[in-house]
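Using the sequences and the hints given, assemble the complete structure.
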Amino acid sequence: MSEPVTAAYVLPSVLVTRADLARIVREVEKVDNELEAQRARNRANGENEYHAPATSQQLADFLELNKLNLEDDQGRMQLKEQLRVMKDKAPVIHMTFAVEADPASLQKLVEYIRKEIHPQAVLSVGLQPSLVGGVYLRTPNHVHDFSIRELLAGKREVIMHELEGLV
Amino acid sequence: MTIWWLAFIVGSLAAVFAGFVWVVISLHRLQGGNTGGGPGKKSLGDLNKAYTDIAEEDATHLFNKEFREELRNRGRLRFEKIIDENAMFLKQDLDMTISQLNDYMKQQISSKLDAEFAEYAKAMHDAQQLALSSLQKTAQDVETQRLQLADALKKDVAAREVALLKVYEENMAKIVEHYVLLALGDQFDLKAQLPYIIAQMEANKQAIMEDMRL
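Chains A and B supply the protein sequences, listed in that same order.
The first sequence begins at 84 in the numbering used here and counts up one residue at a time.
The second sequence begins at -5 in the numbering used here and counts up one residue at a time.
Derived from the structure by calculation, the hints contain no laboratory data.
This structure is a prediction, so every number in the text was calculated from the model and none was measured.
You can trust all of the hints, since none of them are fake.
Heads up, simulated EDC-like pairs for lysine to aspartate or glutamate below, C-alpha to C-alpha not over 16 Å straight-line:
hint, chain 1, residue 1, chain 2, residue 2
1, B, LYS199, A, GLU199
2, A, LYS113, A, ASP156
3, A, LYS198, B, GLU196
4, B, LYS168, A, GLU245
5, B, LYS185, A, GLU194
6, B, LYS160, A, GLU240
7, B, LYS199, A, ASP228
8, A, LYS238, A, ASP228
9, B, LYS185, A, GLU183
10, B, LYS185, A, ASP185
11, B, LYS168, A, GLU233
12, A, LYS191, B, GLU196
13, B, LYS168, A, GLU247
14, A, LYS172, B, ASP205
15, B, LYS160, A, GLU247
16, B, LYS168, A, GLU240
17, B, LYS199, A, GLU194
18, A, LYS238, B, GLU164
Covered, in the sense of this in silico footprint (three residues per stretch, anywhere, with C-beta under 8 Å from a C-beta of chain A), are these stretches of chain B:
hint, segment
19, 187 to 195
20, 198 to 206
For glycine and all other residues, C-beta sits at the position ideal for the given N, C-alpha and C.
Following this line, the structure appears as structure tokens:
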């Protein structure tokens, strides 16, 4: 398996695309800002209570999976930095499907990819109906055509063989 | 025959000459008898004249009209005979010459004709050989062209067959492929395709991992 680009954060399967990563980065920044604002208010008011802001399911799953607490200032700062780096550096796998990709299937795919290929890989999803089925997969330097169209083209000799058998 | 005639003429002349000699001797005797001094003695000139007259008279008597006619007839016959003989000889010579000339002409013409025929035959043979060689060459060229044409046709037919087969294969494969694409269409949802996709990724996992590592 490939090495992670940052600290060994585990990405939950609900974080599929780079956009998802960017979203939780923004959310962490927002939480950070909110907590900083509460701290400033508490300092001004002499209070010592923090109200953790509501987080999305994706961020919640991420925090839970990595045993992180956003109220920890040091950990939050580190998380923010690491997530930014991860957003920019995480390897992207472009996957083009013939049909609209449903979230459940994408989650299963990303689970497999992070388990078998790279733990912090994210997906970039596209749609191309002419593929008929399968996936057209593009890694940073290579292209893998696992589409039904390519499969049919590769099996053209089989069709011809069968046709010649008929003639 | 000519010699006899010549002897006859010479004999006649000799007889005439002998008569003349006899006449002269007779006149001399007669003159001698009268020289004794007669009154009838004549001069030599008169005598000569008289002899001449006598000779002329005798000649006239000797060569009279019948005799001249006979001589003329004989001469004519003789000349006719000579002319006939000469004509016959001439005819024989002419015939012989004509015969020889004919033979010569025949020989010359035969040799000439033989030579011409030989030349003609040789020319005919040459022309025949030339025509034969030309025909053979033409036949050979035609055969070569036929073989080339057959070869070209065979290649063309083979190429066309291959091209048609290729087109057929491509088109049939495309038709079947198109049919399959249309038949499948969007009937597969991603969930149904996941096992296939994951299996493909599993099969190429190593390559994908190495690419991600770069």
